[in-house]
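J.: Two chains, two separate frames, one set of hints: put the complex together.
The residues making up each chain are set out below.
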Amino acid sequence: MSLIKKGLIASALGLTLGLGACKKDFLDRVPSDQVVIDSVFNNIDGARAAIQGLNRSMYRIPNDGREETFGQKGIDLMLDLMGDDIALSGTGAGWHVEVARYTPMISGGAPLSYMWTFNYGIINNANRILFHVDEIKDGTEEEKAIIKAQAKTYRAYAYFALVQHYQFPYVRHRNEPGVPIYTEPTREGKARSTVEEVYKLIIDDLKDAEELFDFAGYDPRSHISDINKSVTQGLLARVYLTKYDFTNAADYARKARQGYNLMTKAQLTGGFNLSNGEWMWGSSLNDEQSTPYKSFLSHMDYDAQGYAALGMQKLINRFIWRSTPETSWGENDIRREWFYASREGSKAALSQKKFRVRTKGSSATDLSYMRASEMYLIEAEAEAILGNEPLARQVLQELIEIRNSDYDVDLAAADQIELIKEIHLQRRIELWGEGLRFLDIKRQLYYGPILNGLGGLVVYTENELGSHRELAGGSSLAFYPNATVAPFISGIVNPLFRSRIPGSEIETNPNMEQNL
Amino acid sequence: MRKVLLSVCSLVLSAHLLFAQSGPITGVVKDSNNEPIPGVAVKVKNTNIVAVTDDNGNFTINLPEGGSKVLQFQGIGLAETEYSVGNKTSGIEISMSTKVRELSGVNIYGRDLESDGSPVAEYKVTAEQMSKRPVTNIARVLDAAPGIVITGEGGQPGNTPEMHVRGFGSLSASSAPLIVIDGSIYNGSLSSLNTNDYESVSLLKDATASALYGSRGANGVILLTSKRGVKSDKPNINFDAQVGFVNRMLPEMETVDQAEYLELAYQAHKRQLVSGGSHSADNPLTDAQINQMFNSLLGGYNPYKADPKDIFDENGRVKDGLELRYTDRWMDEISRTGFRQQYNVSISNGDDKSDYYFSLGYNSDEGIIQYSSFDRITTKLNLNSRVTDWLRTGVNLTGNFQEQRNFTSQSNAYINPFFSAQTIGPIYPVYRYDNNGDPILDPTTGEHLFDFGDNPDEGQLRPFGANTNVLASLKYDDRHNNRYTLRGVTYLEATILKDFIARVDYSLDYINYTSSNYQNSKFGDGKPVAGRISKSLATQTSHIFRQMLSWKPSFGVFGLGEHSLSATVAHESSFDNIKNTNFSRTGFVNETFREGDAAAINERSGSSIDELAIESFLGVLDYNYQQKYFVNASLRRDGTSRFSEAARWGNFWSVGASWDIAKENFMKRPTDKWLDALRLKLSYGIMGNENLGADYYAWVPNYFYAANGTTPGLLFNSWGNPNLRWESQYMLNVGIEVAALSRFVAAIDLYDKGSNDLLYVRPYAPSTGIGGIRDNVGALSNKGIEVALTGYIVESDQSDGFRYNAQLNLSKNWNKVTKMQNTDPNDPNKGDTIIGGIDIMTKGLAVGTFFLPEYAGVDPANGDELWYLNDGTTTNDYATASLIENRKVMGSPFRDLEGAMINNFSYKNFDLSFQFNFGLGGKYYDNFYQSLMQPGNIQSGRTFHKDMMDAWAYNNREGSLPRVDNSNANIGSHSDRWLITASFLKLQNINFGYTVPSRHLNSLKLSSLRIYVAADNVWLLAGRKGVDIQQDFFGVSSMHYFPYRSVMFGINLGL
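One line per chain: the protein sequences are A and B, in this order. Remember, the numbering used here sits 33 above the position in the first sequence when you count from 1. Remember, the numbering used here sits 108 above the position in the second sequence when you count from 1.
So that you can see chain B by itself, here it is in the shape it has in the complex (with noise of 0.2 Å):
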């Protein structure tokens, strides 16, 4: 027999308002056994009109005359119901099903994050949102939230974009956050994700939330809600696409053109011979001089129709009205316009016992550059049911397959177009040209030749990747990679006893990753071998199973509606298995035989598995005392087999606080006119790490397999560190928000974090025959403060009036390196620094500060390179300048302020945003820049930025930057001069949208119609124009594909 008490009355107190009475009726209230339920709150729905069923579930109310007709019943730990009289007055029955506490969506292990007062620090992001971005990868939508920092590495269409939350945290354990969809962790790629699937994304950053996951959430939590289906009358049929276009965001470097670059090169060889003694600087170069330098340092490429000896004035000026023989931009002929269009469609409904959620998306890239593109097809669905009133089950299935035509990024790789095209002299065309300027043709297929920079017919042998062309890479060879991810969860809750919930949870992810490259036999890495296809197969599955136990108690003090109290136990048992196998196969018949089984020799090919098992319990408990004060804590104790049975074991847990002090009494007479909301949150947990990648033995001793010739043979590879442990992070958080006046919302967080025993590797004297162990060493400290102001500025009392709400995030985080290894027992200095070629780790800095030689100048006289020793005076070398001791520490990469600005506007159907992302302060270190202001860059064929025509030379002594000089290697070293603020101001994006009015919509049988326009990456200001300054966390340029803008026009239609 069910007692819920009567005290329920307290939900309904008040009724006031008397209306005209059309008379008593009546009825009982049962449960789904039949039994009747006492103490059910009975509601005449929009009235005051209550009443509560009493002990035989009995109850009488009246109804208003001319009113409502509709009944609404209410009882704890009931589903609320509802009831149409009708012309019914007596006999009526109520069933009433207990109320099922859904434990998936925005819970986590039975925390709800959605209530108000939730000490959680998150940053959500919604399906409205989202749905203004045009981006593919979901990742890219928290680029606003306060204290997310996310580089574009990886620009290439499909690849997902690495992210810090807080700061720099780990050193070699990962720094990503956490991805967690639905509540299960996982393991696949963001960009195998389709973005309209979810209902938001939520950023958490603090220990109540990350420390539930306590194993892997220090380096904070993306969470990602998949859209249900929500009951309705008719299914929910939703149908968007958009087609646009991506194009080039960034500006060229300024490179120098060809004549520029010839009088360089001029300078260059006449300096070899001033400095040989074979020639006087003050003489011009003579016309055998020039023909020499023609021939053998720029490899015999001429780009005018002029004799080498009629090209240059006696100033060593190209002279004017010359016309060139071949305009061929590498950097044009690689990129293009490219095409992007993204069609998904979804179907939703629910109703009492079930609901489902089913999507088909498909996505296409076409990238910027010439043969990249990626293609995404995803399918998802979501399907709920409470299968008795006491037992729930649901089942998420999603999969998704993506292929990724590429190019490798490695820096200073000929077959990379962004080194070779950005980098390669302006006089070497990407075609043969003959004496006259004529395109050279293949004379069977009359297709234009490709220079392939060796050309012994004309005499010439390009300084720059001879034998190479990156655009017949990107054309013949066939650089891919397809990803299946197949995700099930499925789960089991069933309602047992009184107050408790048991929850059975299993996940599965299957993920298939396979990467094709496929040389070319006419030329370049493939032909000596008649062309070579190698292959990569990964294949993971990830097994998470999970069982809890949950408890809301309802007797008692609980059942008043005063105390809430929820609390969780689980445990989980989670399982990686890793499976590679890969084979390089080469010698073709010909181009068009690709698969491994036409090639004739097995260049390698091999095989291995690893294995990654985590066990872990955990315990959560929510309390509240009248939503005005909340209170949590969670316990955690995590196993992993990374490491040693000994050390393998590491305790996470968080306390938590807030409160809701807007509803308090005292506050209610002051604040009533101004004050909405209040409240202050306070957390503190351990989390941890142990998230060492690839690297999943790392405590075991032991030797790798080094066969010799067809001999097996072994090597010793490593100690192993059976101390090795759990990497752990403390977050202490402190957050106010405040609502004022019905229009401004501020939430302002404060953080310290820390991380200790950093998972790094401790270095061993290299003659003890190995590089060193993982260890645990160091601690870093990342404190912060991060700031959502948000502003309803102007409203409108008409629903279509004009509006205008912004948003802006501010975030400001000081790390600092606050421990380091220590190599000697005897002296605590030791080993307390790393120095690298350009930067610091040390007690006090922070993470990747810049320690560099400071630059002073030209020394007037012969154009040297100067810099300044400890004592103030300078040097023209380099090895003394780059001591240690005349080294000065620059500044750090991280920025001093990271924000964004969201701006929303409003106006009858007519909706407009667009978002500022910017950073202030932090320095970046050009490297790109630098390797174009390199002295010997003609010798190898590279190009120079414009700047470098203000370098000294013979014909411009007065020049203000060091000089061109085919033989010297101190000039261009690493120093200041490379350093760049890492400042900048971005348009992020815009979006533009008409929503047509419903009474249009009527006539098309649809429910909703919205167009609209996004572009996204719009526009960049930074320190040098050029420049990818969010490239890298560390603010190093290298040669990736950089960020592109993309505009899409778009149509989203309900059913």
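Chain A with its partners taken away, still in its complex shape (with noise of 0.2 Å):
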């Protein structure tokens, strides 16, 4: 009987054990948030999600404890703070006190070293994305063309980013170390290539986006984020004007704005948050892929209730505002109700309205990141330096009465020169807080040479350069101790318009060589 009874436990543990040793796949675990790598490009509906990730990058908000880092236009906002346009009210929270200082150029720490991490983030998933795409069974040639299209114009554009901060102007250091290039995966750390071999790969890359959306034969875009042929078009007039190629970059400047319209006067001063006929590529963020803080108009609008609320806010220039004769910014010109003229409450005098809460609240809006009047300012640019002054005069004009009824750009300038320093005065003017003054400085620098003898074009002397610093209250932000900024003297190179590389890139690629 006992032993019986005993028989049946040992069974029964017997049992037990066995049912307690796991099956084989217990261990087999896979996340319910990320998606395993293989299953991306099994299909051309993966490989256009890989697009469409792309196309969250550039407002992708990352979660690195920084305040000035939320894609595309934190580093917009980053640069226009090194530029002259923006003075600050204050110094807030303390967020982009340092950039503002130019701290991380020095130091090519953050956040500036986010420029890096941003485009080359960048630049590895449209790698990933050109090494796969011929893999993928099903999908079309045109399909696959498309996709390799906006893989290669994201690439261009990240290269073009970088090449453009990490090193002096391409005109005069066409030879000296870029950034390296990766064209497909890995993960091992690349040297520098010289810049002449960075800007071939940005304009071969454009060129074949080109081709690929002529060869697909449609257009792609079903969304303002979606990149198609303007926007390739846009960045080749970007590039070639950067070059100081002004003839590629007026034709480009031209195609690329051909099918879209200038912003009427409701739309320039509504606020800049719904896109628009003009508006040639751009995001549309939800209030899910915002935040309250870390965005844009945070840091700009007062009354989104962010960082321009705690006391940092945006200014325009006084010099900019102020000193410009009537008829070329006119006091009709729409443009002026960008700014307050004087304090409104809480709001400070010349403080911007220009970019504003689409709804209290919310943080739902839209980003431009290419507008069509910044092709009309390139194309009259180009043609003005060109000599082809009546050409860039009405190219000027049609642009500007749009904003000024009372605008006449034979007034504004008399001669090619004054007719260039007109155009970048509009510039600065209509592109005010978009990003572009900073690398704009830095491409003029070499004008002075170049239109043999017209050094006199740079307009800012010292004085003005340092006016943006000065606070509402009086008090500045310091330079940074050894950055007192040289008059733009050609052939004088500025250690502040060249940002060091980041030092975790120095640490971790035995390839990279610093900026010294």
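Bear in mind the hints are in silico, worked out from the structure with no lab data behind them. Some hints here could point you the wrong way.
Think about it this way: if two alpha-carbon atoms lie no more than 25 Å apart in a straight line, the pair counts; the simulated SDA-like pairs of lysine to any residue are [what the hints assert, rightly or not]:
#1 K927/B with E540/A
#2 K170/A with K298/A
#3 K643/B with Q67/A
#4 K393/A with E703/B
T.: Spelled out as structure tokens, the structure:
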């Protein structure tokens, strides 16, 4: 009896042990909020999702503990704060103070190092798409061509940002180290290619993309964030202008803006948060994809009740606001409404209202990365420099008279030099706060010698450049100690105009060489 | 037929004393199957009279005249039984049941940690000791243990402190010790546990104990043992009540007052004007310039009932006799003395067949900051039953609820009261005042209006957090979290065959954690969106299913009592499932609605599921000879779902030995008089760590979801690392225990602990597009010595005489990085150093070693801050000073010595105890002080430390500190100027109690009564007044809730 019972217990135990021993797949677990890599490029939908990921990356908010890093607009704002057209009302919560002092240009550190990781993130994703797209079994050749064209445009876009930021301008520095080039996924850090090589890749990619769009024969755009041929051409216009290839710059600027209208007066003063017929490329953010604090409008618009309201309102440089002749930035210019002429409540005098929240309490907004008016200004500038003055005047007039019905380009600028200056001024006004100014300063550094003795073209004096440091309260942000900004005499290379490579890259990439 | 060997008489060796005998008694001993048992020792209680049963279970024994009539029966493998003879002289039948080895309680995987000869290095705190500590978190009772470092982080009521055992052993994997309750791993929070429910808390430090938890024991194990019912005539009912208060222990940092602040502002403004060339350093500021200073620099705030031009004398000093408009102090307004109460009732009992323990506890702690609080309800039922003589079962149920009302501890958030109240300039009031200093009231409610720092009508725009008011945030916002913890552990244990015990355990933890953050619609973050509610819900279920088979042979030599052997094999599967759901909605009708359904707009929402599975096999072997020589060994194999199939299994093992030298014959003679015990312990083992926290899938190459607008999108996330494997640690422990003169006990442990294959992020060049992957890189070493000395210094023959005993615990740990990741196969030195803002990690130095420019004082010519360069010269250019070649190694945050001393006194029915904790050496980086010494603080509306009054200034050119200056980015940068010693002395607790003598209790029908007063976190001496020196392992201050004092009055009574 006893033996039987114990036998039963023993077998029950054996059974339990058997049950307890786990199934073979017990230890195989996969994430719920990520996609295992093999399943992405199974089909054309996966590749399209990867392109949409790139579209998202333009405004995706990284979790890096910084408040200045929120996609392309975050970079734009940082660059603008190193230019001379934005003054600050105070130090606020402290974000952007380092940038305004150029500290990260010297150190290569945060938050500007985001420029590096943001753009190389785009390059890596684009490379993976280009690497896998031909393996995809379904999808037509046309569909694949579109995906390739979009990926190549993104890749060129990122390299263009990098090469401008980490080296002095192409014109005099084409043989100096640019940035490392990656055209397929790898873990190995590479050495820097020359500026010339990087520009070659950029132009090759953009030209390829243009052809691929033509091959596909249709505009893939279903949303303003989708890259199409005009975005590619707009980028080509920017690249050629920066390369001082003015003929191509004018040509592509003209091509790029075909089919786009200029913003109406109502649209111009509507807060810049709804895409319209002038916008060539942008993003639409819903509430979920933005945040109340870490976002463009938080930093720009007092009414967003974010960082601008915490004491760092963005003001227009008073030299631009006050010193321009009536003829060029007239009192009736609609763009004067982008700024408070005097203090209104807590809103500081000269603080901006160009960029405003669409609905109070909502972070949903549209962001613009490229507008047709920039193409007009590129075309005008390039044609003016090429000596095609009448054409330049015509293009400029066409653009500005919508903003100011009193505008007469011939009154504003008597000769070629004045015309170029006027185009630059209009560019500063029109594209204020859109992230182009700092690179424009760099780009224009060598106009003097190129335009044969027109050194006077550069309108910034030491004083004026310093002016943007001035705060509303009379106190000022300090320059980096050794950063007395030299006048932009041609040929003088100021270290503040070329960023150091981030320390994390130097530490981890044995082939990397620092900007010293 | 049971055969128990006759040699049990060795148990009852010598029967020398002869009593007058009252005559023989006869009887028979049988087992539960009614079979006679031979070889059972029969003993007359309290005598040395013994007999042994014969082959038929019969015995005959003589009772002494007038002596005990109780017989005791003992046999190997049998439960000891007593029998009162009464008047019987023959025919006595005794039934003895098989003794069941208990595997629950202090046994882990069949190993008995309590046995004297165990080689385990352990520090144990008993229920009695715990009862003297009025702490709400059970982890705090371990703060005297040698080898543990507990930080004050999370001083907020309801937070759990962080702990390291024997130095810092892991980098990115968790360094926290594993928590085990009654043998089962516990995944919940220590803050959910009721201290009263535990019989003991043990800290296991060496490999023999920790390797049993091979997969997760690498950073030490905290073992909690639940109380159980004990056999008694009547239920044991215990009631404990404590009420008391909590108040600020840490003194405030010394900051400037209003007048000093204005004087510094004057200097800052003057500096600005002088360096801009619009003013001469020799002239006082003009009235217009002073006006400008108030209006723009100070945001329009004038704390005096005086016109700005009448405030300063020509030296820039604030004139005497000015009357203040307001005297609000932010720290005072947000602080309070909080009320704390704690009640606990427990009922327990047991008999031969079963035991139970039930408890119910309630705890409420208000904290020292307004609107913060912690409430907890705990309940526990521990039930064990011997169903038959071969089958036992039991269940241990715990159900806890807790609610914490809290606020963010993010260092630079204006809604963090510790940041705002400690940092804001003293001229900025909490409430609004008119020019006469009269309060401005809300016209409808009559309440004093809060000042949000943005008052256009008064021309006020506060440079510090305009549009915020931390007190109003505390009052009108609502941040709280609820945690429900349900834990059920059941087991079934059967004696099968001979000497075998089989056991099945199942434990389930269910943890439901909801955090809720309501932002009001009147002001602050919730204002632009008409109020916001954000909630996140995490539900974690953890299952552990375990099967064990133990063998403790009783045949052959093992039955003789000289050799003792036990072996256990087990299989365990553990599975965690964590479900997260969150949402955020905005747009409320008004303040009374706060739930998501009442909000108009969905701002965001999401959900995810994580899973973790671990499977383990293990074997344990224990052996001893004559209770003198002990050997044990364990082997464990663990697989985890965190790693790829190829790399997921790890092998962990340990061996240990100990020798009870005092039991040796050769020790008997010379040491008879003074040596009570002498034991030597030695162990070595390999343990593992796979705890990457929320990173459950580090090996998987993957994309993550990145929708563009409403279109789904994907972005590359990680290469993954299929080679990722277990981090392993070896631990060598040598220990010696000495007890002498019946008075002194010393335990000394030496250890060498090394972490290999450290889990860390191996960085890739960011230009490849990704930051890096998890990898096994580098190695760490911790070597140390721990000493625990206990002295019964004053003893007494009288039971109520004066007694004093003391315990001194000391530990010293040497931490060192022994290997660093290498990023370039061709260059062994590439990537061997990681330099942070203030620290360096490299081979040969401790983790967190400070690496800073060296402060060289002030330039007397202009008040510049100076630093040394590596050639000994100085510079005022921080960019140069902070270059790597100019930085210096400035010591480590780890102290040279950590210690605690506990003193216990008793006299008559009074007892008194107190505990000091102390640390010597090490460096502390006082970030907070640094932030109070920034030259541009005026500009951002922040206050200064009083030391700033010694800064160089136009009216203080001999000043010994760098100047105040709104536009200097150099001064105040990271350097060794901010390092102070990490040494401290802390009076951790005092307890004074009175136990009412039992003779007074009978009339009250009470079995015990004790009243006491206990204080915790009483007093601290540190390197700077106001520094929370134990806040962080790495010696860097931040804006956390600081630890506070509690004084509790309590009563404990037993029915």
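J.: When the hints from earlier in the document are held up against this structure, which numbers fail?
T.: Number 2 only.
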